[in-house]
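Next come the chains, spelled out residue by residue.
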Amino acid sequence: MTTGWQPTCSLQHMQARAIMLQKIRAFFAARNVWEVETPLLGQATGTDPNLDFFSTQYQSGSQSQTYYLQTSPEFCMKRLLAAGSGSIYQISKAFRNNESGRYHNPEFSLLEWYRVGFDLQQLMDEVADLLTCVLAPLELEAESDSYVNVFSHHTGLDPLEFSFDAYSKCAEENNLSDAVTICAENHPMWLDFLFSFLVQPHLGKHSVSMIFDYPACQSSLARVKVEDPRLVERVEVFVNGIELGNGYFELSDPVEQRQRIDNERKIRKSKALPESNIDKHFLNAIESGLPDCSGIAIGLDRLLMLVTDSKTINQVITFPIANA
Amino acid sequence: MLKFYALVVKNVAIGVFFTSHEEKMATYSTNEFKAGLKIMLDNDPCAIIENEFVKPGKGQAFSRVKIRNLKNGRVIEKTFKSGESVEGADVVDIDMQYLYTDGEFWHFMVTETFEQYSADEKAVADAKLWLKDQDMFTVTLWNDVPLTVEAPNFVELKVTDTDPGLKGDTSGGGGKPATLETGAVVRVPLFVQIDEIIKVDTRSGEYVSRVKE
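Protein chains in written order, with this note's numbering: chain E, -11 to 312; chain F, 4 to 216.
Please keep in mind that the hints were generated in silico from the structure rather than gathered at the bench.
No experiment lies behind these values; they were computed from the predicted model shown.
Each hint should be verified, as a subset may be incorrect.
[To be verified] Pairs of lysine to aspartate or glutamate, DMTMM-like flavour, derived with a Cα cap of 20 Å:
no., chain 1, residue 1, chain 2, residue 2
1, F, 84, E, 166
2, E, 299, F, 53
3, E, 299, F, 55
4, F, 81, E, 161
Let's have the full structure, built from the sequences with the hints guiding it.
Structure (structure tokens):
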């Protein structure tokens, strides 16, 4: 008998996904947050130099144009927010090339939502409510701490003040000396490295752990903190050492937004990465006015891994990339 | 006609692959890392045991890899930046028949092609006690030179010496030492006699059973 055609995910896990999605939809329905749909194929995609995208050709008669599979529904959802949609959520697929592993499949499911008028703390409260509801059988407590606190607690280093010597010493003491050559003088990369290997595994042991106030060099699309410009209004959620999601008090200043995109495109160019177009519709939407809002994306496959106590993402998706 | 053309093109492509393969080993990106892949690390051939893709949602991706150094057997952990490339190691496992030793080298032969390889003492170290001529062993070649020789899990060897005085005593107990034709000494039950053939587990060095001829 030929093998390989069967799903890698059990029937129980397929049903657990259906139940999880029902819970999420009921959660937002009760809070009057509307479900929306935005395109998976777009004329532009994210400029984040750490995300590889898929592209394809759209044929219209003799015309051919490059379209991109979305790395996240963020840009289109912000266009809806700028158009006055109010609070919205979306359950959709997202695509990230070259990402495959125990916790990664290049095509994956995301829950992304935006709350108009919420600051980061209000969003974190809602994230805690949703996750403790979906993960109810695990009886998790929600907790939160600042990036600076957890980072210095687990590494003894100051994440806001880069010291090549101190960072290298920490890496060497923890059998991670490869970091010295990989990261060199690149402070953000050092933070990614040390956080991934020395901090993250400890986060969310029997809890929903939310880490907020990220260093400004890890800003992405978060707003700079008014009280302390060395920090940004960004939150990451962890359960059992697994990163579940990433949220911001959304950047709405069009000038700063444009600068960050230009900067990311410059980095892409310097690393000889494929160019990503400027999303002019997105920038025009921000220009016309993004309401004050907070938003977050949660990886649903990883959430389902926690619900079903699975060791690999392949146990919760029907057909992973290798036999899709 | 078209079909025939396609076939020819395919053959040409394969030919090109072999030529370049001989000149230079392939390189592998971290995205191709998987258990069993042989790569060069600090000039030593290594085998990947485990690869974990680590990526913060908004940051640099890494590969945390568990690797066995095939020269000394040591296992180390190493981190690569995602997308980095490393040189592949020309390492292959081939089943070969053990022929003889001249004291300095141990000679093996691929039975299909009669190609012979000589392994030094370091390469045969783990298998030395079980080397019996005409038996088959797995020889790992690195750049066409034997790197390690692995004995099969079970071997059948003749007892050349053991204390015969204990015949008839079937009380079991701790057994007795027996010297085998390869020089290995294993503990055997008291009833095992000289010239009998026994089956031994090479992983533990323990007696399994007598073999009826």
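Structure-based check of all given hints:
Note on residue 84 (chain F) and residue 166 (chain E): the hinted pairing holds, with a Cα-Cα distance of about 9 Å set against a maximum of 20 Å. Under the criterion of a C-alpha separation no larger than 20 Å, the hint pairing residue 299 (chain E) with residue 53 (chain F) is consistent with the structure, at around 15 Å. Between residue 299 (chain E) and residue 55 (chain F) the alpha-carbon distance is near 13 Å, which keeps this suggested pair within the 20 Å criterion. Simply put, residue 81 (chain F) and residue 161 (chain E) have alpha-carbon atoms about 14 Å apart, close enough for the 20 Å limit, and the pair holds.
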